[in-house]
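Peer 1: Each chain, letter by letter, is given below.
Number of protein chains: 2
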Amino acid sequence: MEQYAAPLRDLIEEFNKLPGIGIKTAQRLAFHVINLPAEKSEKLANAIINAKREIRYCEVCQNLSASKLCNICAAPNRDHSVICVMESPRDVMQMERTNEFKGVYHVLHGAISPMDNISPDDIKIKELVARVSEGGVTEVIMATNPNLEGEATAMYISKLLKPFGVKITKIAHGVPVGGELEFADEITLGRALNSRTEM
Amino acid sequence: MEQYAAPLRDLIEEFNKLPGIGIKTAQRLAFHVINLPAEKSEKLANAIINAKREIRYCEVCQNLSASKLCNICAAPNRDHSVICVMESPRDVMQMERTNEFKGVYHVLHGAISPMDNISPDDIKIKELVARVSEGGVTEVIMATNPNLEGEATAMYISKLLKPFGVKITKIAHGVPVGGELEFADEITLGRALNSRTEM
Chain V
876 MEQYAAPLRD LIEEFNKLPG IGIKTAQRLA FHVINLPAEK SEKLANAIIN
926 AKREIRYCEV CQNLSASKLC NICAAPNRDH SVICVMESPR DVMQMERTNE
976 FKGVYHVLHG AISPMDNISP DDIKIKELVA RVSEGGVTEV IMATNPNLEG
1026 EATAMYISKL LKPFGVKITK IAHGVPVGGE LEFADEITLG RALNSRTEM
Chain Y
876 MEQYAAPLRD LIEEFNKLPG IGIKTAQRLA FHVINLPAEK SEKLANAIIN
926 AKREIRYCEV CQNLSASKLC NICAAPNRDH SVICVMESPR DVMQMERTNE
976 FKGVYHVLHG AISPMDNISP DDIKIKELVA RVSEGGVTEV IMATNPNLEG
1026 EATAMYISKL LKPFGVKITK IAHGVPVGGE LEFADEITLG RALNSRTEM
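Chains V and Y, in that order, are what the protein sequence lines are. Residue numbers for the first sequence follow my numbering, beginning at 876 and rising by one. Residue numbers for the second sequence follow my numbering, beginning at 876 and rising by one.
Derived from the structure by calculation, the hints contain no laboratory data. Among these hints, one or two may not hold up.
[Said to hold, decoys possible] Subject to a maximum C-alpha distance of 16 Å in a straight line, what follows is the list of computed EDC-like cross-link-like pairs (lysine to aspartate or glutamate):
| id | chain 1 | residue 1 | chain 2 | residue 2 |
| --- | --- | --- | --- | --- |
| 1 | V | Lys892 | Y | Glu1055 |
| 2 | V | Lys892 | Y | Glu914 |
| 3 | V | Lys1037 | V | Asp1060 |
| 4 | Y | Lys915 | V | Glu888 |
| 5 | Y | Lys899 | V | Asp1060 |
| 6 | Y | Lys899 | V | Glu1057 |
| 7 | V | Lys918 | Y | Glu1057 |
| 8 | Y | Lys892 | V | Glu917 |
| 9 | V | Lys899 | V | Glu917 |
| 10 | Y | Lys892 | V | Glu914 |
| 11 | Y | Lys918 | V | Glu1009 |
| 12 | Y | Lys918 | V | Asp885 |
| 13 | Y | Lys899 | V | Asp885 |
| 14 | Y | Lys918 | V | Glu1055 |
| 15 | V | Lys918 | Y | Glu917 |
| 16 | V | Lys899 | Y | Glu1057 |
| 17 | V | Lys899 | V | Asp885 |
| 18 | Y | Lys915 | V | Glu1014 |
| 19 | V | Lys915 | Y | Glu1055 |
| 20 | V | Lys918 | Y | Glu971 |
| 21 | V | Lys899 | Y | Glu1055 |
| 22 | V | Lys915 | Y | Glu1057 |
Keep in mind the model is a prediction, meaning the values are calculated, not measured.
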């Protein structure tokens, strides 16, 4: 049986390694890339290299950033005394789209999940505790995913932060229970933020 | 409204330009790439550059190849007097999987389609005519897609090749009419090849 030429086979294999990209899709993408003008395929390759090289965690909120401080943490017009705790950078983007939140964020990069071997030490909880312990924070809004892991993580964190005397709230269950924040529409998420309750 | 950091936004945009990759999938892929170890994301980027740089058309059959002659055209154990004409490199791969065909190929890179402004000059027909005119070819098997454009292309080519006195056949309608060869299973395609008829 004949095979694709090696560089083509390699490319198909690399695409096939990406999440949710099956072999047929990988082939389709590889053929597309080969038929692109050279400068366009190089643009894609460079974007991969650059993103990997330049993106790091913001030193304050742990969100993905191209500089030491992310744009939100560096913005003078944001209220740095209110921290919204979220699981992922995508959740932050979704919250930003509501245009309802004027505070800053803390990105956990996951949720506590004994089933998946993710313990409190595996996500950015100690960084949040350190931030709150430094003072100047009046409210921490828990906006983890409205599922089992997210709720448990919010509960765990709220217990850790109670001793610091900050107000701890969580966004209202306007977001569908069992869903993922990333897919909530702006209006629902905005309302959930506004009707947040004290934990 | 806040935006992703520039290198991340660029990467999402580049993925989003690929066929069938929507914005949500592009984000998922970009976050995946950022979380990969550097050497793995570089492997993907290099595979894109290499495939684009090294893959060209085989000088004889026009299939994608990493060298002047593709592996099939260079193989001494293939029957170079029988040419199977197909629309795409993916179709060739599918035919190879049947393990039924011992001849060589000719890849048209498309089919004649006035609707899409694809004329006979836009696909590799003249290269096929030149090949046949050089002699040594006893049979040309038409295995274009079993749809309107594919059938019309086969008909057009068979008329062009008739003067050379070669036997011209087409694969049997075992392949589903209106479908695309790429998605036919090996057994159907193998049977269609074996029950090919003279055109």
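Peer 1: Starting from the hint list further up, note which numbers the structure goes against and sort them upward.
Peer 2: Numbers 1, 3, 7, 9, 11, 13, 14, 18, 19, 20, 22, in rising order.
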